[in-house]
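Chain by chain, the residues:
2 protein chains.
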Amino acid sequence: MPTASRLDPPGPQSIGAVDPTAPLLAEIAASGALPPRIVIEQVRPAVDGGRFAVKRIVGDELDVEADIFRDGSDQIAAALLVQIPGTVEWTRIAMQPLDNDRWIARIRLGQIGRLRFAIEAWTDRFASWRGAAAKTFKAGQTMTMVLAQGRELLAAAISRAVGDDRERLLVIAEGYDKTSDDAARTDLLFSDGVAAAVALVPDRSDRVFQDPPLAVIVEREAARFAAWYEIFPRSQGTLPRRSASFDDCIGRLPAIQALGFDVLYLVPIHPIGTMNRKGRDNSVNAVADDPGSSYAIGNRSGGHTAIDPELGTIDGFRRLVCAAREHGMELAMDLAVQCAPDHPWLQDHPQWFRRQPDGSIKFAENPPKKYEDIVNVDFDQADWMSLWQAIKDVVLFWIAEGVKIFRVDNPHTKPVIFWQWLIAEIQRADPAVLFLAEAFTRPKMMNQLAKSGFSQSYTYFTWRNTKRELIDYMTELTDVEMMGYFRPLFFTNTPDILPSYLQTGGRAAFRIRLVLAATLSPAYGIYNGFELCEAEAVPGTEEYAHSEKYQYKVWDWDRPGHIKADITRLNRLRRASPALQRLDNLRFHEAAHDDVLFYSKITPDRDEAVLVAVTLAPRPVVRTEIVFPLAAMGLSDDVDFETVELFTGERRRWRGARHLIVIDPEVNPAMVLRYQKRPMAGDSTTGGTP
Amino acid sequence: MPTASRLDPPGPQSIGAVDPTAPLLAEIAASGALPPRIVIEQVRPAVDGGRFAVKRIVGDELDVEADIFRDGSDQIAAALLVQIPGTVEWTRIAMQPLDNDRWIARIRLGQIGRLRFAIEAWTDRFASWRGAAAKTFKAGQTMTMVLAQGRELLAAAISRAVGDDRERLLVIAEGYDKTSDDAARTDLLFSDGVAAAVALVPDRSDRVFQDPPLAVIVEREAARFAAWYEIFPRSQGTLPRRSASFDDCIGRLPAIQALGFDVLYLVPIHPIGTMNRKGRDNSVNAVADDPGSSYAIGNRSGGHTAIDPELGTIDGFRRLVCAAREHGMELAMDLAVQCAPDHPWLQDHPQWFRRQPDGSIKFAENPPKKYEDIVNVDFDQADWMSLWQAIKDVVLFWIAEGVKIFRVDNPHTKPVIFWQWLIAEIQRADPAVLFLAEAFTRPKMMNQLAKSGFSQSYTYFTWRNTKRELIDYMTELTDVEMMGYFRPLFFTNTPDILPSYLQTGGRAAFRIRLVLAATLSPAYGIYNGFELCEAEAVPGTEEYAHSEKYQYKVWDWDRPGHIKADITRLNRLRRASPALQRLDNLRFHEAAHDDVLFYSKITPDRDEAVLVAVTLAPRPVVRTEIVFPLAAMGLSDDVDFETVELFTGERRRWRGARHLIVIDPEVNPAMVLRYQKRPMAGDSTTGGTP
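As you go down the protein sequences, you meet chains Z and P in turn. Taken in order, the first sequence gives residues -5 to 684; the numbers are from the working numbering. Taken in order, the second sequence gives residues -5 to 684; the numbers are from the working numbering.
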């Protein structure tokens, strides 16, 4: 829901009403209803007080809480109304009072989609009567009047009831009426049976609703937990200076599967523009067999729904989709809303592009970067709705081809209201579809995109290296409100980012960043080459030397020095470990050494803990004291507990919280300990060789 | 604004819309406008995200902040739109960027009433052009195209301008057009003069508004800072067993003025019911000359707009209003929405009262308290609007008689939406009117009443005695969001509450509670008798023995053991001390002893500080180290500073933070130190005898 509108821009004179209560009261008076007496507020979970939907994963439990109270001393009752995804009916679930006027209801999120909930509360007249009557009784006062009131409430309940409910109440009323003894009547009306019978036909005549209802986007597990592997499909082959095909990609699947990845992310696979095509190393003049940038989308042979003929055909793509699925992976596709100058849209929809004073169209820029081979669509033009629709059609096209994850390029340069619309539209059609926001921009905009519906978000992880930086950043990401809408995906590297830490830190640096990404965040990814410790950059930049972005590349996937065993171990541990599949359980612990980060993830039931002590400095051996979070692990100071270490496979018994450890980054830069309350015999998910 | 409505209670099937974006977009498309690109959110100050108005005092500065940003790299501008109380025009004030997309504007609140504000933001196209053009220039690239775009923006500015603004821009355009030299044109368009000329006619065509506007209730100083003195007017005289008159009250004014009070609060002054009238000590059978409870309002001679004949006439009341004003005080009146059984409303508006099954009307109860002499009006009946109106008319009646402060009895037993309506209605008619909520109930309801518009609120102060209790409670009350709507008024005692601490603690206990109330809270009050250390209670209760509530009383205002000198000193200090006139500057500091509370209030400019070390135990002498907040006072460790102590008048020089002090509660239970950066010569507001 947008917080701002530029509909028919008003003069400041016309903004809003003077007193919001007045029109409401006029409406109430006109309707013949009574003004509300119950207050419902501070409803949680909610993002920005309900402006945006909160996000959850299917299978999660959702605790809905609210402050609910009314004036006076009458008792109230409250219910959570839930509209499960894809239905129009609402289900009522009783809420329970906590303390201090806080109420709660818990539901299990059983299916994906957009769930809505509202809270309803009403005065519980029978319970109020019973409470007041009990005081009169205790005080030894005459019950006659009190009983007569109870009898009136009973009559009212009968009038609301039908069928068995009604019969039951009529029997009670008969029992009441056939005696005139106050003691007998008191016993009868105070009985739990009567309370239960009346509770079946509650008087909700003064009920109030929290307004408007709140929404929960319930997504599938991959929105929170997944390991991504990013490739240029054209560079997955073995022949130099020419494009690989989708079938070459299929040939790569067993190796990628063996590494343990869940998502195979393809950079754009569409025809590449020929006008202003980029040459090797981002040169502005392409030569004959330069393939150009995959992000310069579209040429004479098609645009966003076409396939680069060099990669194959739509049939080849379909084979890849199926093969990936057979290898336990799914494809993620790039959605880059931009065009090469020879994209068909420029001919077919010239109104979508803004002309400069000389009639030309400005190429894209992100100073100091220039994209001479790309022009942007213009969202600020009268025909915006057809542009929006065209982009939606692109997404629907690929959904029909089996793609359910879209990594969106530079969403922060398009209106957030567009993403709100697009994601809501798409997820209404298919709630299994996920969107990942590739926005490296100012924090407020990154958060706004997440609030707008992106399932996952790129982060600043790549540039957080020191202990202080990492703790501060993770603290921000694990803020309760932020976790409600922002799900991080930690890439160790991307085609645009070879961090200087990796350029200079050697193999140990790659292993350190791998451990951090894979254990700090339930969703993480690498861009291919990372497993080979590829570290050659354009000097003074974070760009890869001879970047795949502008040329074909043939990789030697078994190049000496690779860290594939580490990746395999970590991905295997991640899949086996419920503790690593969530973010909210991350806790940092004391490690005396400034270069050692020590943290844990523990399951809520304490059945499993993963403890990671990692050096952030790729070189010297470090010795440090660390302090285990024994209380959080459900352990006392005086019992032994056993862990298995990921890299060495070592089983070790510990006792007490404080221990001295030694980390030699040339051997293993981290100690990744798994503790299980009930370890399984022969558990192969930690330790050992892959 | 109510958070819940019971208008035409919908079935749960009918709640809300499926996707809030969709209808908005349909509306935008229909209007021919473009979708918004700017986001405005996290606007502060706001109570519950803007559901309720925030409160301020006239003369305060209001800092309005918001997150404002847009997609892409264009620059934006933002303005705060302000509608000052009582006007319909909106004033535009430029907002300034802070860091991280946060913007701010500051306004001075110059008059009381309900101010509204909204935020407006738009893309600053000329600044965006200038920023991008500068990059092109720096890169040494050709400026021709860039200049042509600048010239287009200039033409657009001309088309928006009139008069001098237009002339100025036309001269610039002429200068541009008469040269064809890019360098000259660049110099011209980049000049600050051009930027300033264009800024006078900004292009706000894509502006967005935060929606809806937020409100600030700006009230007069007395809403934050005042010392109250509560009396039963009928017991201000000298003759036993008969009522004093308003003229007796007038006779008391010089003494009350000498004590330094600002507000003289009268319990209800209306005719008292004769049916079920209470006798002495709350007995259910009044005898002939028992006056009854002032809260059993109304009899044959009139109701809430009438005056108890024993106190005098409306003329007598008018004399009291004027005399109080002449003595530098104003009257506060009790608003108790309840009736004696012989109140005229029962005859004239029988529909406002709920009948029991036997046709009788239930008397009021607040278990275990019973009020046989009082019946409550029923807010849940079809004729509610006439009841609301009647209560409003009561308030308007007394406003016309010069009363501007209403202390509302038990507001938590009436619908909060009623108070929202009443206070908004009354303050629209007269924004100087203040309401004090006497609600001792659950915290959420107390807060809700404050959000609903009550200027001030009773608190739990009376029952917070230990160091931990006081620090915790003050921490809660000084929470930034809570201070935005909840203003505490600390009563040391009330006709209903003689705290056990005062019953058992002797004179020192009264002095301790006086110091706490008068220095912790800018608004505080005592109920008469407190200054005489009246401590006799009904055993086992917090009720006064032989309470004034049920009988005439003659007080000896000079009774030995009184603490009038302390009250006078404290009220004089409060009036002289800007530091004590606010709540947000309260800070607690280290005092080693568990019974010693040490705190400060310091003005933002650090010109003045009041430091209070008070023992919370009325008996033993305590020795403790205290730690001065030197940094907050703007002092360093190695300079001397001088304080004046309130009770002893002692001037003392200190150096450094840590000092050992001794407090003997039999002499003075507190050390109240005033520090002034520039003490005035012969300042008599601290120390000395009154």
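Source of the hints: derived by calculation from the structure; they are not laboratory data. Even glycine gets a Cβ: it sits at the ideal position worked out from N, Cα and C. Hints should not be assumed to be uniformly reliable.
Below, in silico cross-link-like pairs of lysine to any residue (SDA-like), each with a Cα-Cα straight-line distance of 25 Å or less [as the list claims (entries may be wrong)]: (1) Lys438/Z to Arg38/P; (2) Lys132/P to Glu366/Z; (3) Lys438/P to Phe391/P; (4) Lys386/Z to Pro351/Z; (5) Lys356/P to Asp197/Z; (6) Lys398/Z to Glu304/Z; (7) Lys129/Z to Lys132/P; (8) Lys363/P to Lys398/Z; (9) Lys132/P to Tyr365/Z.
Covered, in the sense of this in silico footprint (three residues per stretch, anywhere, with C-beta under 8 Å from a C-beta of chain Z), are these stretches of chain P [as the list claims (entries may be wrong)]: (10) 29 to 35; (11) 160 to 174; (12) 460 to 467; (13) 524 to 535.
field: Coverage criterion applied to the region 460 to 467 of chain P (partner chain Z; beta-carbon cut 8 Å; 3 residues)
entry: Three-residue rule not met by the region 460 to 467 of chain P, so violated; n is 0.
Hinted pair lysine 363/P and lysine 398/Z, Cα distance within 25 Å: Cα-Cα ~66 Å, so violated.
field: Distance restraint between lysine 129/Z and lysine 132/P, which requires alpha-carbon spacing of 25 Å or less
entry: violated (84 Å)
field: Agreement of lysine 132/P and tyrosine 365/Z with the hint, judged by alpha carbon distance not exceeding 25 Å
entry: With a Cα-Cα distance of about 18 Å, the restraint between lysine 132/P and tyrosine 365/Z holds, given a limit of 25 Å.
- prompt: Are at least 3 residues of the region 160 to 174 of chain P within less than 8 Å of chain Z when you compare beta carbons?
  reply: With 0 residues close enough to chain Z, the hint is violated.
query: Would the pair lysine 386/Z and proline 351/Z pass a check requiring their Cα atoms to be no farther apart than 25 Å?
result: violated (31 Å)
- prompt: CA of lysine 132/P to CA of glutamate 366/Z, is that 25 Å or under?
  reply: Holds, at roughly 19 Å.
- prompt: the region 524 to 535 of chain P covered by chain Z? Criterion: 3 or more residues, Cβ-Cβ distance below 8 Å.
  reply: Contact hint for the region 524 to 535 of chain P vs chain Z: violated, 0 residues under 8 Å.
message: Against the 25 Å threshold, does the CA-CA distance of lysine 438/P and phenylalanine 391/P hold or violate the hint?
response: Measuring from Cα to Cα gives roughly 32 Å; hence the hint is violated.
query: Is it true that the CA of lysine 438/Z sits at most 25 Å from the CA of arginine 38/P?
result: This hinted pair holds, its Cα atoms lying about 16 Å apart.
- request: Closer than 8 Å, Cβ to Cβ, for at least three residues: run that test on the region 29 to 35 of chain P against chain Z and report holds or violated.
  value: holds (count 7)
message: Tell me if the straight-line CA distance from lysine 398/Z to glutamate 304/Z falls inside 25 Å.
response: holds (24 Å)
Checked against the numbered hints listed earlier, the structure breaks hints 3, 4, 7, 8, 11, 12 and 13; every other hint is satisfied.
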